[in-house]
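Peer 1: So you can see what is in the structure, the chains are spelled out below.
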Amino acid sequence: MSAYAELAITTNFSFLRGASRPDEIASEATRLGLSAIGIADRNSLAGVVRVWDSLRQIARQDEGNAPRFLVGSRLVFSGGTPDILAYPRDRKAYGNLCRLLTAGKLRAEKGGCILSFDDLAQWQEGLLFIVVPSLKTDPPTPGTSHRKRGRKDKVEAHADLKALLVSLATLAPGRVWLAASMLHKGDDRHRLKKLSRISREASVPLIAINDVLYHVAERRPLQDVVTCIREHVTLDTAGTLLEANAERHLKSPEEMARLFRSAPDAIEETQRFSSRIAFSLDQLRYNYPSEPVPAGKTPHQHLVDLTWEGAARRFRYGIPKKVRETIEKELALIAALDLPHYFLTVHDIVRIAGEKKILCQGRGSAANSAVCYALGITAVDPTQIDLLFERFVSQERKEPPDIDVDFEHERREEIIQDIYRRYGHDRAALTATVICYRPRSAIREVGKAFGLTEDVTAALASGVWGSWGSELKDKEVRAGKFDPENALVARAIAFANELMGFPRHLSQHPGGFVLTQDRLDTIVPVGPAAMEDRWFIEWDKDDIDALGMMKVDVLALGMLTCIRKAFALIGDVDGKPLDLARVPREDPEVYDMLCKADAIGVFQVESRAQMNMLPRLKPKTFYDLVIEVAIVRPGPIQGDMVHPYLRRRSGQETIEFPSPSPMHGPADELKAVLGKTLGVPLFQEQAMKLAIVAARFTPDEANGLRRAMATFRNVGTIDSFREKMVEGMVERGYERDFAERCFHQIEGFGSYGFPESHAASFAHLVYISAWIKCHYPAEFACALLNSQPMGFYAPAEIVRDAREHGVEVRAPDINHSDWDNTLEGAKIYKDAGFPRALRLGFRQIDSLGQSAAIAIVAARDQPFTSIADFARRTSLGRPALILLAEADCFGSIGLDRREALWQVRRLSGKAPLPLFDAQNQSELAEEETAPLPVMPESEQVLADYQTLRLSLKGYPMQYLRALFSREGAKSCAEIQNGKDGEHARTAGVVLVRQMPGTAGVVFVTLSDETGIANVVVWPRVLERFRGAVMGSRLLFVEGKIQRSPEGIVHLVSERLVDRTHELERLSEDGFSPRIHEGDIPPPPDPRGAPAHRHPRDVRILPKSRDFH
Amino acid sequence: MVRILGQRRILALWLPRLPTDRIRRGKANAVGPETPLVVVAKIDNALRLVALDERASRLSLKKGQPLADARAMVPELSVIESDPKADAKLLEAVADWCDRFTPFVALDEDGLLLDITGASHLFGGEKTMLLKITSLMAKQHFAVQGAIAGSAMAARALARHAPGTIVAPGKEAVAIAPLPVAALALDPDIAHAFRRAGLKTIGQVASRGRAELGARFVRATLDRLDLALGRGERPISPRRKLPDLMVEHRFAEPVITEDAISAALLALMHSLARVLEERGQGVRRLAAVFFRADGLRRELTVDTARPTRDAKILLRLFRERLDALTDPLDPGFGFDLIRLEARDTEREEQVAQGFADDRSEKEIAFLIDRLAARFGVNRVLRFLPQDTHIPEAAAVAVPAQRSLPARMSFAPKQEKKEPPRRPLRLFDHPEPIEVLAEVPDGPPRQFRWRRALHAVTRAEGPERIAMEWWKHATPKPTRDYYRVEDEKGARFWLYRDGLFERETIKPRWYIHGLFA
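From first to last, the protein sequence lines are chains A and B. Here the first sequence stands for residues 1280 to 2387, where the numbers follow this note's numbering. Here the second sequence stands for residues 27 to 542, where the numbers follow this note's numbering.
Please keep in mind that the hints were generated in silico from the structure rather than gathered at the bench. In this text the structure is predicted, and so the values were computed from the model without any measurement. A portion of the hints provided could be inaccurate.
[As the list claims (entries may be wrong)] Restraint ranges, calculated between C-beta atoms of paired labels, are given here:
1) B:G235 / A:R1813: 51 to 61 Å
2) B:A67 / A:S1929: 55 to 65 Å
3) A:G2279 / B:T154: 31 to 41 Å
4) A:D1851 / B:A67: 51 to 61 Å
5) A:N2256 / B:R236: 51 to 61 Å
6) A:A2241 / B:A237: 35 to 45 Å
7) A:G2326 / B:A67: 42 to 52 Å
Don't be surprised by glycine CBs; every beta carbon is placed ideally from N, CA and C.
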């Protein structure tokens, strides 16, 4: 049997062309027994690491049978040149290929690549070329918008093809091949003869390819679908844009030999070709940048010096013995694993932030080490939490550890620019994020290809709450009320399921930086990102991981912005320079506050689920916060670990450790793993460790398991892992139920695994933000508002919470407000005995620009006395004046919203010319008019909501209280104090709607003038009242009060009514026109078809925030 | 023409649910009467409700609401995409129908304005007339509201907000005072400003001093107010659908004889042709409108495949058309006006592309036009190549007149100097044959068709064509086509139905066509 290597394989990283995933290609090629596979995606190397990695895994499991892997790319030119497959012979040639692709990418719009034959000539050294002549029977050249391009530019005329081969062979002697394929086009044999002749004439060997688009023939339909998506046509209109048959799959050597029986040399040539290639991705050597290490010092020595210097600064009263020992141990390990460079590089970035006074904090494996604490990478005190460094810097994984650094979200850009400045654009770039098809996008696109109307696909897509599910479930399809049996819809859904997880384009990672010593574009192609002066590589973090390259995540975190702003406000009064490490630790008042679930605005624990957990968990120490952060996560929830942990913590259940049967190992083998969490696995690494200890996974396998979970839709591998883990544990005597739960938990971690170290970093920010909220409520609210958008709550809730904590909040005013929210009142905070007042800033006013605020503050050398005075001195245009009047900002000059608006209207539209100042003023002064009707308070409140999204004057619900009381509805506060099991009704404005996980339960948070009420809607009820649950702004609920022992109250809904229209009562608009003289019977109520309404009126209250 | 204020009477009609009424009235889109119906359009990249039927409005769905929200609330909602053209067409038709009440009909937003000055007495007075119009329209399943006033602005405001009102001359201000400001159809920003000021009705706005308003609002706003209050007047502009070009001839003495009519037509054609020539245009649709002295109106239209301005050709087309009429043009007491309307004109150069022999193509086009004028557009067909791999779907017959100007988007492929890939004669139904061939995909060696045995001397293939999987519930077999030649030199197109082993164990064979 003749060996065969397939050299023209397209994966689904040739977006919307290839229809198989890299791992599918790898395993099918192995099954067929191909001697080698060459991956050649269109002008890209984006998929190669995945194929390489899959083959590596196959080779590990199934020794020796995996095909060799050849890295290549299919060069697609912008002129009429046919496609050319390029394969680098050696490492240097690989660098040329990367630079060739980089050149093309930098020239193109985002995501594109414009190559010319000249580029090829420039970078051809060491590359092997296979020319793929285009077939006349091919669809029109893809890429150029379909059908527009004529068929004339097809190069198949002998002369053209021969000329190309000759000129390419002159350029790259002995490195050019001519590809032939037998795809059952009707004239295959004829073509083959023709190509043989050309190859002889041009003295270029003929080589067999099957120009593969998918791994098995059964993928043809999906390939047709992606073609339709790509070309924006439907299956019915695509016609010959689609392939005529299903032949472009991987074929066995026998089949290829049979097809090429008249030209066996072409098959043998694939072996000669692959033997010429010596390059493999293993040869990529990563070099750390040299900048962080001063000349004349070894990296290790520098790290040691920096660490001890830092430690001395951190522990001003002497480094504790334990810390000293830990540091020594860690430094030794870092040296042994040759990682000093890595820590120095991270330190370098953190140092830049320190110089700029930008708050940052590291997290991730290794971040919470004593060394990182000393280096200032984290502020989590190693004495406060006992994290084993070895656990994160594994000896087995020869990969650098993972450290993410969060920066203030408003200032991260400065850091990024500094990194570019320090390392240069050719050595620093962002990693890619592979944007994949998600349920919504998949069904929308596939639906279009099937010719479903936009309405139907939109309905199907919107029926999917939460876009993280990996499959469109029947239930979700029904939620959109589509019969899944309906053949067309069912079919579209089946394909959407298949398409899900396919990459659709590459995007820049928000902050994952790759830094190197060598030119980055000789390691991987680099392309421009959407943002100017931003570049990103073609590989994502998994690829980088697999290759052992270093990456630092430079991320943005809103809470750090808020904390820095709060620190500044506190410093203003107390003069205490605070930083993340200097906030007093373990303050019992802070923990008391959190135990009461008084956590609005506090980092992480402010979510509904976290707020429910707080009174149950009752955190008393820092480590409790670490657990609090980690426990309300899909992992522990899906693994059903939450309740066991809570029971044990409250002493209702004895703490015991699951154990194997005695013959298999010591009964306490899990104590070391689960000791800190009372025998219940909560953190990601505990689950992994469980796999190793209890199910006897090798560390490599455990790592494979982690990776399989993180990668989207690895259905096949996950099942084999499940089997191995569950059966492994059961075999060793563990209870099956426990084993199953552990695996569920790992599944739950998915790509959002939450290791202890992450939890610790987050817990630190939880503590600090809670400390600020507890002791400085005004500063906290002010900083929170000034850092918006961030967090969970709208400004209205933040303001309400601040007022409930005794903070006086003052309305925005032209004579008092700045752009930012500010604090007014006593400077000496604690002495005054009460918090300072919070003055709302102009930034709270919808659509008012910062420039207007600056103009106002600049012109405010003395108080403004009238609108005319204000307009003249600030030179603001009428639109800005109207916005200020709408927001009721003229209170200090004695004008309410209505009067101010009426006066502003009189001002000329443009900024007044100084010459006419006097004239303007006199004109305004002369007018004498009857007073306007007084605006009722309820309408003032509504208008506040429309412009500020909050009101200090009242709450919409209070004006409807009488109405709802008549219906027996209680206030939210009354519900909160209701008895368990009591039947009750309430009504309120919908604040948040959430559907966590897959259970189908919807949580709705209602609010009124007394507080909030938590409503639970079970799926059965949701089914009946879907419209009300999903569509209401004002919701009436009837149900049963459920009160937990910890005092958490839910209203379990039984009936829900949309009462949004009642909000119209708040406006004085509510009147009906009088019917006149005519005695014609009144026609149908014209309501529902009113004339156009201003958007402000339609949106009576700000929309609720819906999380999925 | 100046009219004296107060003398005019305007009847305003509002059809608030025109789009949904249109869909309900249509037979093609039968929506169950119980199902709430909405019409949606893409606004700011989201599908939003633009019209609702009565049932949908009762479910508290709102115009402008995103469809996704509406669906979340009312899953059984029936949704149709908006078709403003169809709405406009329907409104035109309603306006046509209103012609019988008064010739002065103007299009309004979602409604009509009828100048009924001096006409109401023909219909039993204003009240009866309004009732008659609205109830006749209601019988036609239109939701409709109407009102009558001395100014268009007042009438339309009342029709929307106080339907049925008939305002006595000069009493407009009183009648509209209680209506909301929105009735003035102001710019939303201005309407909002009035409401914020607490001036929520037209009356409240009107009560403020003119100077006070004038200092705050643009002139147009005040004008609208004045118009509504009956303080000013603006004539309605009667709707008239203007043809691209129009020539007409009024006869002092009505013409009766065919010769006279023909002569008049020819003269009109010539003058039309002159104008067309100046513009470099040709006509694709031409209408001749014959106005009979007794008021009857008859209209004949002809279509041409290519823009043309040849008067003789056009006249011949009209002749063909006249000859083919089942109910002949009856001049009665004669036509006093004949009008030619060029309804559809195009630049004439557009035609001549792509064909070597322009003249023969012109003759073919003329032949098609004549045949179509006589036998009907749908009975003169031509084959149009289709963009598909499936052989039997490669050509469809379409009306010849319509297909000609269509872009020839797809030309069948054939390489130069190569034998044709597709047979000259393709069977409607492939016929089964018995074949001797090598598996899995060898060419036929011999085959028996209609009892005759053919030995294959040459074969080319296979050309493998997979069927359109999305069209069939169970997959149809893939075909391997061969072009074969038998010992007598006859050429056939055969295929194996189904891939050996992959799809079937014993593939069947068919003959699908004959090469010349």
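Peer 1: Among all the numbered hints in the text so far, which are the ones the structure does not match?
Peer 2: 3
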